[in-house]
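We have chain D already, so just place chain W on it with the hints.
Here are the chains, one letter per residue:
Number of protein chains: 2
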Amino acid sequence: MPQPSESVTAAILVIGDEILSGRTKDKNIGTIADFLTAAGIDLREVRIVPDEAAMIVEAVNALRARYTYLFTTGGIGPTHDDITADCVAEAFGVGIDVDERARAMLLERHKPEDLNAARLRMARIPFGADLIANPVSKAPGFRLGNVHVMAGVPGIMQAMLDSIAPTLTGGAAMLSETIEAAGLPEGNYAGDLGEIAKARPAVSIGSYPAMTPDGFRNRIVVRSRDAQALAEARSAVEALVARLSA
Amino acid sequence: MPQPSESVTAAILVIGDEILSGRTKDKNIGTIADFLTAAGIDLREVRIVPDEAAMIVEAVNALRARYTYLFTTGGIGPTHDDITADCVAEAFGVGIDVDERARAMLLERHKPEDLNAARLRMARIPFGADLIANPVSKAPGFRLGNVHVMAGVPGIMQAMLDSIAPTLTGGAAMLSETIEAAGLPEGNYAGDLGEIAKARPAVSIGSYPAMTPDGFRNRIVVRSRDAQALAEARSAVEALVARLSA
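Chain order of the listed sequences is D and W.
First residue of the first sequence: 1, per UniProt numbering; consecutive thereafter.
First residue of the second sequence: 1, per UniProt numbering; consecutive thereafter.
Hints were generated in silico from the structure; no laboratory data involved.
Keep in mind that the hints are not guaranteed to be accurate.
Claimed, not checked - A short, non-exhaustive set of chain W residues, derived as facing chain D with CB atoms under 10 Å: (1) 82; (2) 112; (3) 113; (4) 116; (5) 156; (6) 190.
Claimed, not checked - To give an idea of the interface, some chain W residues facing chain D are shown, with a C-beta separation under 7 Å as derived from the structure: (7) 21; (8) 33; (9) 37; (10) 77; (11) 81; (12) 117; (13) 153; (14) 155; (15) 158; (16) 186; (17) 187; (18) 197; (19) 208; (20) 212.
Note that this is a predicted model, so its numbers are computed, not measured.
Glycine included, C-beta positions come from ideal geometry on N, C-alpha and C.
Isolated chain D, as found in the complex (with noise of 0.2 Å):
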């Protein structure tokens, strides 16, 4: 296993009664989840909560407290069910107004006359915060602590990602290469594969198998921080691959 120094972990917190109904299907894990393999951020846990303020604030401390980095989408918008601005700040127990900064954002899309309570709701920030810029549609994220608080329409949260990947500190990035095991049946070389696996503790090796029109096709993913150790139980799957294809 790598050692902890090596390690910057995350989480993902997605927040929204639609998410959870299937009303809307979620693309932002997939897509932060892409983003923080190729920083070296290893993300070690999801959860998806609803609009209510109990559950976010329990989630925004649990999940702070246990990763080096927070994400969340979704809930920052100007309607009444948008309450993730007032749940972060509750959850670190710090106050929260209407920002000057994020005043200044709304108006650079929005008419004087046309910031209304509803749309000033956008710039409610908890007090310490530092925004994340929004090209989009103007209304900020922002980060409290390890905390970054993002937006949910998918476009809007790819770009926040962007904004702010410059100030996160990856780890020693996780590399990995992947054996196709093809037609080959899981239970054939799921024996030998555990074998592989358990002598080589800076491996960490999965099977994962897929329906495909031809059949199950698998795949066996090699990963690690260690480019050497990596090559070498590679090789090693690769062998036990060739083998029983034989």
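Okay, now just chain W, sitting in the frame of chain D:
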């Protein structure tokens, strides 16, 4: 709000490093969410955790205690990283061993001489569990208490879900209506919509912006278990949208 007696709740636990790494994009959450909504069961929380026993056991115990039903996906194959069955047994404090009913199912697909130790892992079932049939590849899932353990491969998960559907008790179905706010900006109706929501505790109202090539396209969704309250709320929202669009 619906009476507690009318509310049947659920959580989903997705188990798998491959989802957290981004390598595999989850499709099961949306499928199960749609299924539960149709069954009148409130999906209240989702978690995704890695293939690590401590995290799986903790999540199983947290979620099974809190909700009527827990549905897990992933980690029931034949390889060393498939540890869900053992973790569920540990969470319940019960033993686990090869189950003769499950072995018989595997023998429908595999010759006795091919039923090696790895494949027999798929017949390891916690004591006291009922099996969930797998018409696709035979290796069963299982139900222990209120926890339903299903495969991660979407086609198999779906088949398992269909087979357990008749065993679930749904609550009063949640009804919903969608009002298109189309080009109306959220900030224009957010204040009034909040008032409409506040005055109708039996109805849940959400506003969901989406970016399209034609700009923002907002939808307001009203949900309730009470058909009359729903119809009244829908009229109120439609009147609001009509007034602001005029």
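Against the structure shown, which of the earlier numbered hints fail to hold, in ascending order? 2, 3, 15 and 20
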